[in-house]
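Each chain, letter by letter, is given below.
2 protein chains.
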Amino acid sequence: MIALAMTDSTLAQRLLDGDRRALARAISLVEDDRPEGWELVKEVYPHTGKAAVIGFTGPPGVGKSTLIGALTKARREAGRTVGVLSIDPSSPFTQGALLGDRIRLSEHFLDQGVFIRSMANRGALGGLSEAALQAALLLDAAGREDVFVETVGVGQAEIDIIDHADTIVLVLMPGSGDSIQALKAGVMEIPDVIVINKADHPLTDTMVREIRSVLSLANLDRSPEEAAKRWRVPILKTEATQGTGIEELVERLDEHREHILAAGQLEERRRRNLHNEVLAIATARMRRRLEEELSEDAEFKRLLEEVVKRRLDPASAATMLLERGV
Amino acid sequence: MIALAMTDSTLAQRLLDGDRRALARAISLVEDDRPEGWELVKEVYPHTGKAAVIGFTGPPGVGKSTLIGALTKARREAGRTVGVLSIDPSSPFTQGALLGDRIRLSEHFLDQGVFIRSMANRGALGGLSEAALQAALLLDAAGREDVFVETVGVGQAEIDIIDHADTIVLVLMPGSGDSIQALKAGVMEIPDVIVINKADHPLTDTMVREIRSVLSLANLDRSPEEAAKRWRVPILKTEATQGTGIEELVERLDEHREHILAAGQLEERRRRNLHNEVLAIATARMRRRLEEELSEDAEFKRLLEEVVKRRLDPASAATMLLERGV
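Top line first, the protein sequences correspond to chains A and B. The numbering used here numbers the first residue of the first sequence as 19 and each following residue consecutively. The numbering used here numbers the first residue of the second sequence as 19 and each following residue consecutively.
Here chain A stands alone, though its shape is the one from the complex (with noise of 0.2 Å):
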């Protein structure tokens, strides 16, 4: 008992020196949903907060991991260290585009000020999310400077993994025309930053041109001493696999740090997504409690069964379940 809780208190130290095996070793713990990660968390977590934590969504296949190689060289360039996540959904598709990331980031895997770490989607997303912010929270301990999260997909599940970001970059390439609608709609809210990657197609100044309207539409509603104040996203070209626009993307994003840093937004931004993340990680544990209470339950199978055969209907069976008191 004495030496784990020795053991523990030497990983955290390890850990917030910035050792990377530390590291590497607490995500895992993370990751496999440990009591000795969420120790671990909860005794750096007063060392957090310092890092830039930036997200990137967006479709698969627009290159956001070779945007973030690029980044992160840039980054390394003026000698910030750099934290990578990259959080991959669940399909056994994905080992082929897993694999491919890895390559884009290879570049990287020798430099000591750069940590790159793939997350899993072991099925319920809420799970995922919630080792995915602890994780972050881990590379800000270790002291990384520039947090990098990538998630792939254009729902709203996807982006709530983000949410938790400074800053949140939209990624897509000339073709995107499925989250240009879906930003049109309101289906998905608007990001930060806006990055056209693979910009070396001729469709991609109609392509700025239609996301331009669809944020001018956005403002619409606003006053115009709103509007003056707010932060207006810019659209990036990049093509990341030749470092070009790369240069802008990074003074964009310093340009947004400072931009809610005077409003005051970045810590508003904070306090809203920490109370989020209470929230979130009370209700995975609620589910997850819920389904492994109910995995073995002869009372749950028999009124599942009752369900089926449309006797007793799905609320009814819920409030059953709820008012047993599990």
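Please note that a few of the clues may not be correct.
In this list, chains with the same sequence are indistinguishable; a pair is considered to hold if it fits within one copy or across any two.
Claimed, not checked - No more than 27 Å apart at the CA atoms, straight line, and that leaves these computed lysine-lysine pairs for DSS-like:
| id | residue 1 | residue 2 |
| --- | --- | --- |
| 1 | K327 | K60 |
| 2 | K91 | K255 |
| 3 | K255 | K327 |
| 4 | K255 | K319 |
| 5 | K319 | K247 |
| 6 | K247 | K60 |
| 7 | K91 | K247 |
| 8 | K60 | K319 |
| 9 | K91 | K327 |
| 10 | K255 | K60 |
| 11 | K319 | K91 |
| 12 | K327 | K68 |
| 13 | K68 | K91 |
| 14 | K60 | K91 |
Just so you know, these hints were derived from the structure itself, not from any lab.
Got chain A sorted already, so can you dock chain B onto it with the hints?
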């Protein structure tokens, strides 16, 4: 009390008789989360399970509503009654889209055999999903032979909403590159039927080939026996505004129904979906209860302040809330 019970029972009877006003009232009760609504679903639930529930998903702007309108026309001509449930996303922008949808479906407004209803997202997708599933049960109980559920979006949460459908149709259009990438990467699950609407576009056939190659990849990991027994996902080309391809779509939908009936998959699917539905309702209620209890909770405010000040980590705050027994 007796009067209320009588009213409810009358409403249930009128609903089972297929009365449109009773149906509208019942769905409103469920949408507003009124206890009478849940009571009503409970009462009529034994009369459900007969409708063919077909879910339509896909990015905004591909013409899902027009397609459903054309399909509704075909089903009415075959003498079947139809219910349409359209799930709208949460943004203020969507007022326009909604109005557009209504116009596209307007030719059916006076037809007693067609019932059309939009449901708005009131914040948490969990909550809306819960209400939408109940509304689908009400349409089923009211004797609608075909129930079409439409949802906008291509993420996991959006697909969860139509997950209780017997048949899932993914609607795309030429230019839906993001969705194809999502299918390819396995981020989006393979639907039962894929429709490429607005097929009068020169790139339609390229798109069909692309989707076909994604689908054949998805079959690679199956044994020849499994693959032979398996439903072959048809890729259909339609121009819903012209009614082109609708007849074939109707045939494929009927074939899919026959397939799942013959293979015993319908029962299996419904059992799995009902299982998930009970859990989803229970979780949504737990989360709502938690949020309500915490909204005015001084202790939660204090805990949150500690989290913001980095003195208490989010997971520990969640644990403290749960241990307190909320």
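query: For this structure, which hints from the list above don't hold up?
result: Going through the list in order, the structure violates hints 3, 4, 5, 6, 7, 9, 10, 11, 14 and respects the others.
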